[in-house]
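Visitor: Read off the chains here:
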Amino acid sequence: MRLQVDGVTVQVDPDPEDTLVDVLREDLGSTAVRAGCRNGDCGTCTAIVDGRCVKTCLVLAGRADGARVDTLAGLGTQADPHPVQEAFMAEYAFQCGFCLPGMILSAVTLLDHNPSPTDADIRDALSGNLCRCTGYVNAVRAVRRAAGL
Amino acid sequence: MPAVDRSVTETARWPKRDAFDFAGGTALFVDDIRPAGLLHMAVVRSTRAHARLRRVDTAPAKVVPGVARVLEGREASLHLHPLPYQFGDPELIGGRRAVLEALPVDEVRYVGEPIAVVAAESRRAARAAAAAVVVEYEDLPTLLDARAFLADPDPRHVIAENEVVAGHADEVLRTAERVVRAEFFLGRSSTAPIEPRGYVADWDGARLTVHAAHQQPFQLRAELAEVLDLPVDSIRVVVPNVGGAFGLKMTGPVEEPLVCLLSILCGRPVKWIETRAECFLGGGREQLHDVEVAHTADGRLLALRNRIVIPVGAEAVQPGWRQAYVSVAAFPTAYVVPHLDVRSRVVATNLPPWHSCRGFGKEAPVFVMERIMDMVARRTGLAPAEVRRRNLLRPEDLPHRMASGYRLDSGDLPAVLDQVLALDEGIDADGVGIAVEVTPEGGGHAAGRLDPGVTPTVAAPEAAAVLLRADGLVEVRTGVTNPGGGNDTALARLAADELGITSAQIRVVQGDTDLCPPGTGNASSRGVAVGGAAVVLAARDLAATLRDLGADPLTETAVAELVARHGSLEHVREYRPDPPSDPEYRYSYPYFSSGAYVARVDVDRATGRVRVRSLTAVHDCGRVIEPVLVEGQLQGAMAMGVGLALSEESRFDERGAPQASSFKEYLAPRANDLPDFVIGHHETPAPHTLLGAKGAGEAGVGGALAAIANAVDDALARWGGREITSVPLDPPAVLALLPEEAS
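These protein sequence lines map, in sequence, to chains A and B.
All the letters of the first sequence, read from the start, carry residue numbers 1 to 149 under full-length UniProt numbering.
All the letters of the second sequence, read from the start, carry residue numbers 1 to 743 under full-length UniProt numbering.
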């Protein structure tokens, strides 16, 4: 099957039981999606697949044939980080950083659809992503900051 | 300051060092390590809570395609020595010693206990082979919880007994006019970091390299050396970035020697990444307290009698069961109670063994004492804050020798309470609860037996090396590790300040037993207060040497010349907090952090659902080195405390099978379950540490838990509900406390 990952076209030959997170991590060596639960609870495998923010552990690899996959790694660079990345760094919105793929991509998706979210909007948008380090306080602050609120 | 390029300044540009590694998705965690020839381990686990192993047939697993090795208990025992107890001898804290092997030969003691391990070419093949192993059991009687133990208190289940006694509590209770009696219960819970445990073991024929998501690389190295019978210096443990730990990732789980043994037997690297369901087997914190308190009409506590049963799961060498000791020794927390009689029985059950859980046994005493304060307030008609004021230790009482021998070194508890009451914004809510918390911290080792003539134990030391690199940067190597909380940021800041340079010019090396001086890793809230002090001393020595060489201020060219002429000028120092001169203290914890909390909650009487409206804290962790990081630690601990109060519970069914194996059953708080926390600081420098810093890693769990429980209790009381005596307060539990007409 063929995928376009962060703008690069790749050819992979996954097992039929593989999920997209397996392909990204094990076949392509991505460190920008991670596995925390493998059943859609924690969100750290999040990527943007054909424009939709999804948990890649819930996508069978075969279903993603031909898809465009954008991960956290393609979002911004150290010299020119995405505003959400910059806000998360500035607000100390993560500690161990393991949950960040889902946190940041969910926040980006929220702001794409709703540039002026309320705190409740922000908390709902992040609610698919578990974090055990921060209590989410600074993550909410970071999304507010990225929104310019 | 010399000119430094962007890649150097980037390190210290944000509150967390090297932040873009994480925000950009390039940071490496243990599961990202894939050496050539890698095999994957899977674990065959018991489906019975207690049974004799009649037969373990590995033959069907060996023929599964891709399988390299299958290992059951009998064969493993030929290669492995018994597992050593972690954090010192169990006898030191009144515990009994068992001989514990990595894999059982005759008997399994809990659902999920490893019976055999498999190494295969892929995770899937390993799992398929593990599923193919045939195990025949002969069931044995089980003991699953504290109440079952109390119904038939068979002493063979008791693995430790602890007591803290002062005065004559029984006498006072017999004659007292006002006595409160209650049975308190805390459910079993876990830590559940988003990254589970994981290891990559690589034996090259002479040396074993282990990459591990771990809190204690040196302790892991020592354990592996003993169990595998290898020289310590033939083992290297390397800790990459760790995705949270909260106590889970300390030394002792049996998979540690097993993944290494498979690598040695196969001559290939072997990886084991715990599944989420496996991660949810472990837990801790469950306790049953049967309490009687005598108090005066004006709300002063006279006596406290407490009989505690602590079911710690199956016996294990990992430090989890030791939390039971701390739970007893921490009574009566922040308060003066003239007559105290607290006794525990620590009971081995047929549930998975306890692992360390953030709070380390201190959350239960805080919950019990804070519920008692509110119960006394309700019975005397006094305000909850007033009852606390009348019983709190005052600054002039400190240092205070607790009945356990712990030294409550410093703090200002009444001021912390007043400060949080002032900070609380007073929004209208169904219920308001307050809590005061003290957390003994910084030990990093077992509490020692306090017998006449026995020298009290002292807190473990930490060490640091500080040296110059030829590239002009200063390198700090520390025995302290970073589970994600960012102590590298504080350590870099401390070294930079001593040397008169910027944090960007410091490189921090942690978690590598080949490179770093030995230390306790990440445990007991001591990374900065103890580990940081060692860094300061070593950096001071380097600064003095540089001054002697006329090399101050440090410039890039000067450093290059210096290194060429004198080498790296490495300075190594060890630091241990000053023990008290009075041998009556049981010097397990050199400092106490403290805090006070106010929670406001709404309770839906139709559904029993609790919504946290606000949670406000004032925290005293001594001198604050990095305010943003300290606040972050507290935020995370408070969220965990809310979870323990309302939703987090590791449930098992009547056959001992886990009922909370995913985040769908184990309900960790999500972003829309929590409010913004409000946090204030109160700084009482620790008098017996170099930096005046205390610990910030564990405070907040018990305080938030107790404040939320008290707030829910306040709401229920307004509607005639029964008093809260157990957590978690999930909707069914709340509804059960409400009278029918109220819901």
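Mixed in with the good hints there might be a few duds.
To be verified - For each label pair, taking beta carbons as the anchor points, the in silico distance ranges come out as:
(1) A:A120 <-> B:T47: 38 to 46 Å
(2) B:G500 <-> A:D119: 38 to 46 Å
(3) A:R68 <-> B:D229: 48 to 56 Å
In case anyone wonders, no lab produced these hints; they're calculated from the structure.
The beta-carbon is built from N, C-alpha and C at its ideal position, and this holds for glycine as well.
Visitor: Please go over all the hints and tell whether each is borne out by the structure.
Guide: Outcome of the hint check:
no.: 1; hint: A:A120 <-> B:T47: 38 to 46 Å; in the structure: holds (44 Å)
no.: 2; hint: B:G500 <-> A:D119: 38 to 46 Å; in the structure: holds (43 Å)
no.: 3; hint: A:R68 <-> B:D229: 48 to 56 Å; in the structure: holds (53 Å)
Violated hints for the displayed structure: none, as all numbered hints are satisfied.
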